[in-house]
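If you read the sequences in order, they're chains A and B.
Counted the way the numbering used here counts, the first sequence spans residues 1 to 144.
Counted the way the numbering used here counts, the second sequence spans residues 145 to 340.
None of these hints come from the bench; they were simulated from the model.
Bear in mind the structure is a predicted one, so any value in this text is a computation, not a measurement.
Think of the CB as a built atom: it goes at the ideal place given N, C-alpha and C, for glycine as much as any other residue.
If you want the footprint, here are the derived chain A segments under chain B, 3+ residues with CB under 8 angstroms:
1. 6 to 16
2. 22 to 36
Here are some chain B residues the structure puts well away from chain A; computed CB gaps all over 10 angstroms:
3. L231
4. R233
5. S303
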Amino acid sequence: MKWSTLLEQIRHDFSAPEPPPEDRFWGRFRERVRAIPRITPVREDGASSNGPRRARPVWLRVGRVLAPALAAVAIALLLRVHQAPAPETDRRQFSARAGKTATLSTVEDIDVLMDYDSVFIVEDPKSRGTLVWILGANSATPGG
Amino acid sequence: MKFSTREQQELLARARQGDVDAFAVLFEAMRPLMHRVAYRLVGPNDCDDVVMETYIKAWRALSEFGGRSTLATWTCRIARNCAYDLLRRRGRREVREQSLDEPLEEGRDRSEEVPDPRARTPAEAAAADDLRGAIQAALDRLHEVHRTTFLLREVDGLSYREIAAATGVRIGTVMSRLFYARRRLRRLLEQIGAVR
Chain A
1 MKWSTLLEQI RHDFSAPEPP PEDRFWGRFR ERVRAIPRIT PVREDGASSN
51 GPRRARPVWL RVGRVLAPAL AAVAIALLLR VHQAPAPETD RRQFSARAGK
101 TATLSTVEDI DVLMDYDSVF IVEDPKSRGT LVWILGANSA TPGG
Chain B
145 MKFSTREQQE LLARARQGDV DAFAVLFEAM RPLMHRVAYR LVGPNDCDDV
195 VMETYIKAWR ALSEFGGRST LATWTCRIAR NCAYDLLRRR GRREVREQSL
245 DEPLEEGRDR SEEVPDPRAR TPAEAAAADD LRGAIQAALD RLHEVHRTTF
295 LLREVDGLSY REIAAATGVR IGTVMSRLFY ARRRLRRLLE QIGAVR
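Let's have the full structure, built from the sequences with the hints guiding it.
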């Protein structure tokens with residue numbers, strides 16, 4: 001007999017018996033659990049306890065810390081742009097300091113009140129919006 | 145009955161809130177699998193009790209299921225613990241959990257069980273035109289963990305991961321036990337001409 005055929009024979013002859021009927025099993029189960037309290041961990045803050053929380057990804061944790069700072073910076077920049085004099089040309093100018101004419105959708109100056117690694121600036125000339133991403137910000141050590 | 149991921153998550157959420165019906169729907173699908181695991185670990189007389197204890201524990205600890213494994217694998221681990229608890233309570237022989245992947249002293253086949261001298265050998269069973277008896281005798285000659293692993297895989301259709309959870313070893317150990325079991329079983333049956 002071939003090995004594969006023998007395996008079929010083994011599966012036929014040595015299979016486990018059928019489990020008890022569904023209604024009988026679950027009837028007994030319901031009787032048992034009626035008297036048993038669930039082991040359901042309850043958090044002190046009263047939040048839902050549907051299983052252990054998964055660790056949030058790093059980018060999400062960092063984002064939650066940076067979001068208020070970014071929002072404040074973005075609003076400040078938008079206000080500065082809005083208050084800038086009417087541009088004569090549509091050229092973009094970065095880090096324009098005092099003495100230079102601000103153009104439409106131009107970041108004239110940035111004041112970030114914390115240490116950071118780098119800054120990424122996105123401008124939208126159509127909406128005159130400016131988005132500033134500050135990477136590696138450290139609000140614990142404010143800088144100038 | 146297979147559930148989609150979304151269906152399973154909905155049933156899990158309801159069961160965690162105390163919905164026994166949702167728990168029953170979710171766990172009925174894997175009850176035949178748990179029954180087979182319990183049957184292989186503790187035998188026919190106690191397997192129903194082991195499954196019931198497994199499901200009671202799963203019900204109580206459902207909030208601890210974090211989704212890092214499948215629900216079936218998680219439940220297999222519980223079933224293994226319940227089986228070992230029952231064996232210890234009833235004073236059955238101590239369950240050995242040593243690894244069988246380490247090299248043995250020369251000349252000894254690690255997969256071989258010390259046979260019961262009263263039991264029929266595969267050759268005797270074959271001579272009596274009893275193929276089933278010959279296979280049983282050959283299975284009895286396997287080491288207990290090899291035999292269990294072989295039956296869980298070849299007869300009960302468990303995945304390697306489920307077998308690892310049910311027997312408390314790594315997947316690599318499952319594979320090596322299966323290899324030893326197949327090789328040993330095949331050699332025994334080839335000797336009596338039951339397989340070529």
